[in-house]
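**Student:** These protein sequence lines map, in sequence, to chains F and R. Take the first sequence: its position 129, counted from the start at 1, is 128 in numbering that gives the first Met the number 0, and no numbers get skipped. Take the second sequence: its position 95, counted from the start at 1, is 94 in numbering that gives the first Met the number 0, and no numbers get skipped.
Source of the hints: derived by calculation from the structure; they are not laboratory data. It is possible that some hints are incorrect.
As the list claims (entries may be wrong) - Pairwise CB distance ranges (calculated):
| no. | chain 1 | residue 1 | chain 2 | residue 2 | range |
| --- | --- | --- | --- | --- | --- |
| 1 | R | 26 | F | 148 | 25 to 35 Å |
| 2 | F | 133 | R | 297 | 50 to 60 Å |
| 3 | F | 125 | R | 90 | 52 to 62 Å |
| 4 | F | 148 | R | 376 | 33 to 43 Å |
| 5 | F | 124 | R | 84 | 54 to 64 Å |
| 6 | F | 14 | R | 170 | 35 to 45 Å |
We put the CB at the ideal spot given by N, CA and C, even for glycine.
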Amino acid sequence: MSAAALRPDLALICDWIRPGSRVLDLGCGDGALLSHLTRGFGVRGYGLEIDPENLARCVESGVNVIQADLDDGLKDFETRSFDYVLMTQALQALQRPDQALSEILRVGKTAIVTFPNFGHWRVRAALAMGRMPVTPSLPETWYNTPNIHLCTVADFEELCRERGWRIIHRRLLDRTHHDGLRIRLAPNLFSEVAQYMLQGPAA
Amino acid sequence: MNAYPADSVGRVVPRKIAIEQPLALDCGRTLPRHELMVETYGTLNADASNAVLICHALSGDHHAAGYHGDDDRKPGWWDNCIGPGKPIDTARFYVVSLNNLGGCRGSTGPNSINPDTGAPWGPDFPLLTVRDWVRSQALLADVLGIRQWAAVIGGSLGGMQVMQWAIDLPERIRHAVVIASAPKISAQNIAFNEIARQAILSDPDFHGGRFYGENVVPSRGLKLARMLGHITYLSDQAMRAKFGRELKAATPSFNFDVEFEVESYLRYQGQSFVDRFDANTYLLMTKALDYFDPAREFGDDLAAAFRQARARFLVIAFTSDWRFSPARSREIVKSLVDAGRDVSYALIDSQLGHDDFLMPLPQYHRVLRSYLARALEPAA
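So that you can see chain F by itself, here it is in the shape it has in the complex (with noise of 0.2 Å):
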């Protein structure tokens, strides 16, 4: 598989991750960045999905997938065995982001977390108007979301700072995965996409 047929936010994670480390994918879908990831840059890595369709593709791809369910946490990977544990776009889905977090801090050495931004303006606007936001970047409606805990860039980062998580490096993007002088401004209210690496407290 090219870098170009790679989703834009997926190609951007693969800048922060060093050629020929130990990658857990958490949620890895049809296992792209997995495979790209491998194929590119000698990582060896597994993906975690629950789904059976996107398991029986990462499997025709040849990519390491295990079936799981993220909600069940990450009980059967040792402490510090990943030099990377990346979740794109799951963790809002997740029953305790919170969790979830800590545990990929425990597993991996360091954290590479995207999630979309409740904190857009979009977002914003369809509040202020009464209703909940249908975006570009958050298109199903209140009933069949799987996103049960969205939260802004400013939530994200407070909670990074009760916990002692610490925010090696941040993208902040719009849907086209660009940053710009608004996002570099106000970035709460401009970014769609916000990508996070994270390692835990400084022993």
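With chain F held as given, fit chain R onto it using these hints.
**Tutor:** For chain R alone, kept in the frame of chain F given last:
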């Protein structure tokens, strides 16, 4: 001329292959030579890189696919999975299926003649381990000119042979497919096996295993053992769906004849097993199950055992299987991940229980087919 289904391997002829090298067994004894009944499907390619070994479970044999004759009622035991275009695709792979050493379907075992006495081995046949089978299968691979298997595949006790292959002979296996298996069986599982063994051992017709000369078989014991086994291979839900509490007659008859459908089923399964299986082989197979524990010689650290392996793994479990539950497969997966081995794990939604590993469930066969489609690619 009988027309077999297009996706069948068609008519197959088993052959007996003599292994002339001595085989040193875990029990300390040595078999100077032994014979294995083998079937093969498909064609071995020029560099012998497309060979797949099928390892059978407790009561399996070499007849995994196809038909022995035009009047065969049923094809081999895994015919739904092995054939041209099937998940184990005989258009691409050369598939080898054998009756394990100690079996009763033509390979050297308790019911074959001990050359030292001229009589059947019976209880004098050595007890075997999964490692012994792997050694025997490796000698078979030598005879067939197969230096490295593209894949070794097995369910249940067969899956244990697959793991042992990957650990003991890492250079000789590229892909390990472990289905509905366990890294070692539980105390509960050993308990079931012990009841099965006691049923056989306490049958007066067993004669200490020397029943061949008495013109009897310990059919009551073997039948009971199989009935017990069948209960554990099915889920509670499957039994309820299949039999419910249906009485065969309109009213209870207040005696111990067959009254419920499930009793009729178990008696039928038990009886048909007696007609095709040997009691001494059953004892031997259950002991091999009990003994299996590849972590033992690595300080009870399964991950350390798997660090020996070089193969890529596919592990498959079934939601309704309580005899070899998904939790046991996850132990295998965890140890493989800890050991840094390549592994994929699929949990198949199922109804039947342990027996589902023999069923053509669409997701199961899709995953197996997709995985094996890559098994001919050279190792990374």
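**Student:** Could one say that the CB atoms of residue 26 (chain R) and residue 148 (chain F) fall in the range 25 to 35 Å?
**Tutor:** 58 Å, violated
**Student:** Is 52 to 62 Å a correct range for the gap between the Cβ atoms of residue 125 (chain F) and residue 90 (chain R)?
**Tutor:** The hinted range 52 to 62 Å holds for residue 125 (chain F) and residue 90 (chain R), with Cβ atoms some 56 Å apart.
**Student:** For the hint 50 to 60 Å, verify it against the beta carbon of residue 133 (chain F) and that of residue 297 (chain R).
**Tutor:** At roughly 55 Å between Cβ atoms, residue 297 (chain R) and residue 133 (chain F) fall inside 50 to 60 Å, so the hint holds.
**Student:** Residue 14 (chain F) and residue 170 (chain R), beta-carbon distance inside 35 to 45 Å?
**Tutor:** 38 Å, holds
**Student:** Is it true that residue 124 (chain F) and residue 84 (chain R) lie within 54 to 64 Å of each other by Cβ?
**Tutor:** Once the Cβ atoms are compared, 56 Å apart, the range 54 to 64 Å for residue 84 (chain R) and residue 124 (chain F) holds.
**Student:** If you check the beta carbons of residue 148 (chain F) and residue 376 (chain R), does the distance land in 33 to 43 Å?
**Tutor:** 41 Å, holds
Comparing the model with each numbered hint stated earlier shows that hint 1 is the single one that does not hold.
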